[in-house]
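Trainee: With the sequences and hints as input, model every part of the structure.
Below, each chain spelled out in residue letters.
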Amino acid sequence: MKKLLEFKDVSYFYQTKENEIKALDEVSFDVKEKEFTSLVGPSGCGKTTILSLTAGLLFPSSGEILIDGKPVEKNDSRIGYMFQRDHLFEWRTIWQNITLGLEVRKQKKDPQKLAFAEELLKKYDLYNFKNKKPRQLSGGMRQRVALIRTLVLQPSLLLLDEPFSALDFQTRLKVCDDVYDIIKSEQKTALLVTHDISEALSMSNKIVILSKRPAKVKENVNISFTGATPLSKREDKDFGKYFEMIWRNLV
Amino acid sequence: MKKKQINYSKARKKYLRNIKKDKCLVLLGQIIIFALFIGLWQLLADTGAIDPFFFSSPSRIVNTIIDLAEDGNLWIHIWTSLYETIIGFIIATVLGTFIAILLWWSEKLRRILEPYLIILNSLPKIALGPMIIFWVGSGTGATIVMCVLICVILTTISMLNAFISCDNDKILLMKSMHANKLQILFKLILPNSIPAFFSVLKINVGMSWVGTIIGEYLSSKAGLGYLINYGSQILKLDIVMASITLLCILATGMYLLVSPLEKRFKK
Ligand SMILES: Nc1ncnc2c1ncn2[C@@H]1O[C@H](COP(=O)(O)OP(=O)(O)OP(=O)(O)O)[C@@H](O)[C@H]1O
Ligand SMILES: [Mg+2]
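The listed protein sequences derive, respectively, from chains A and B.
Using the working numbering, you'd call the opening residue of the first sequence number 1 and step up by one each time.
Using the working numbering, you'd call the opening residue of the second sequence number 1 and step up by one each time.
For the record, the hints were derived by calculation from the structure and aren't laboratory data.
All of these numbers come straight from a predicted model, not from anything done at the bench.
Some hints here could point you the wrong way.
Said to hold, decoys possible - Listed next, the in silico PhoX-like pairs over lysine-lysine satisfying Cα-Cα at most 20 Å (straight line):
| id | chain 1 | residue 1 | chain 2 | residue 2 |
| --- | --- | --- | --- | --- |
| 1 | A | Lys-206 | A | Lys-8 |
| 2 | A | Lys-132 | B | Lys-266 |
| 3 | A | Lys-17 | B | Lys-108 |
| 4 | B | Lys-266 | A | Lys-130 |
| 5 | A | Lys-188 | A | Lys-113 |
Mentor: Written out as structure tokens, the structure reads:
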């Protein structure tokens with residue numbers, strides 16, 4: 001399958017008053033179209049930095065990042081970014097929240113986009129909450145709204161930065177399933193950052209293991225399970241084997 | 001929300017009754033304190049335990065207010081103070097918020113102006129009184145300027161703090177959707193700071209009255225501050241106390257007008 005995202009020997013330095021922090025050290029990996037790739041690595045190793053670089057919020061100190069064969073631009077519109085917390089705006093209704101991106105891009109009057117937004121809400125059981133405020137929704141629902149807010153802009157690559165870490169364990173498994181479902185049925189390519197190995201295993205086709213800071217790619221692990229949903233994959237007989245291998249690589 | 005006919009459970013009924021009871025008790029307590037205060041004051045004054053010449057008394061205050069009202073001048077004094085306070089309050093709030101927006105917009109400007117903001121904030125504005133009179137002349141203008149000076153720096157600093165404390169990830173989110181700076185300001189920073197804005201409004205109600213009274217002390221021909229000054233000079237402390245009473249009522253009234261706005265926005 002085609003490579004949608006390519007990191008080629010990307011290094012990145014943060015500049016601070018005191019010193020220079022090397023966050024990435026010649027990182028190379030790729031994400032294939034319609035696949036689900038996860039980044040795992042010790043905390044503070046540079047995972048968020050990789051996503052920020054991909055989204056065009058930062059630019060590499062050296063090396064090259066290609067999306068669809070073309071270099072990333074400032075605020076690349078081919079990218080959708082979902083953060084750790086949902087960051088829904090409390091003063092806006094659910095509908096106003098998910099159309100925020102359209103508003104910002106001056107597409108609020110485009111009937112096609114609005115119809116798409118409405119369709120997403122209906123498809124993922126949030127239509128009844130259209131005019132509610134975020135605080136009237138549960139944590140899992142809020143996270144779904146945050147995902148829809150990203151999908152409304154029809155990005156070709158979704159970046160997910162520990163999107164479930166703010167949820168409790170039960171909700172987390174459920175939302176994980178939901179989000180996986182949405183991403184698969186919308187046929188999106190996704191790059192997920194997580195520190196939870198099981199989560200990475202249950203969602204991804206490929207896991208990229210990073211070393212501690214400055215991040216280097218330690219290993220690319222291709223995953224294949226027979227199960228279809230993250231929950232069922234967790235029951236696969238190979239799950240434990242993969243888990244151990246990745247865990248050994250991490251520490 | 002629709003009102004439904006619900007058969008509340010026993011525990012729920014009890015809970016609701018208790019809430020009502022608590023509310024009544026609180027109100028009762030407040031009324032008792034008020035009545036005790038007024039009654040005791042009147043009693044002490046009537047029995048001569050305190051000298052009504054210095055301490056006045058509720059009945060003397062009421063009579064003085066009636067006298068002043070019949071005189072016709074009371075309304076001019078009230079109107080003058082109210083007018084100065086409201087104009088000062090509005091100018092200071094709008095100007096302060098506007099300066100805060102400018103300082104949020106340009107970090108350079110913010111860093112350049114920071115020491116001056118600190119100086120202006122620590123300076124007791126009343127010290128500028130004589131200068132203000134030379135610059136804008138005595139009277140209503142000077143009072144409004146004093147009022148604005150007292151409120152504007154605080155408004156600027158509070159609003160700027162609210163703007164800056166906006167979650168950085170929310171800004172990144174806006175950026176990842178390609179928002180420009182103006183959109184970030186109007187769609188994120190300003191609505192996000194509405195709660196802070198309301199607390200600034202509430203503080204400014206009190207501060208603008210301080211400004212007005214100080215301004216009128218310094219130089220004026222009308223207003224409650226003038227009346228207080230005048231009363232103390234001719235040793236009619238009843239006039240002073242009557243003016244303070246009116247001031248209490250007006251300031252509380254203004255606060256009560258501003259605070260429901262907050263509830264409306266919270267919905
Ligand atoms: N704006 C910044 N200025 C300076 N240093 C930074 C900045 N942002 C991140 N860093 C440093 O760069 C390193 C990588 O940060 P990054 O946020 O990418 O890590 P992460 O893998 O996402 O961590 P976590 O697991 O905690 O989310 C960290 O050690 C951090 O201290
Ligand atoms: Mg991170």
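Trainee: Run every hint past the structure and note whether it holds.
Mentor: Hints and how they fare:
1. Lys-206(A) to Lys-8(A): 18 Å, holds
2. Lys-132(A) to Lys-266(B): Between Lys-132(A) and Lys-266(B) the Cα gap is close to 14 Å, so the pair holds against 20 Å.
3. Lys-17(A) to Lys-108(B): Within the cut-off at roughly 17 Å; holds.
4. Lys-266(B) to Lys-130(A): Holds, at roughly 19 Å.
5. Lys-188(A) to Lys-113(A): 17 Å, holds
When the structure is compared with the earlier hints, no violation turns up for any of them.
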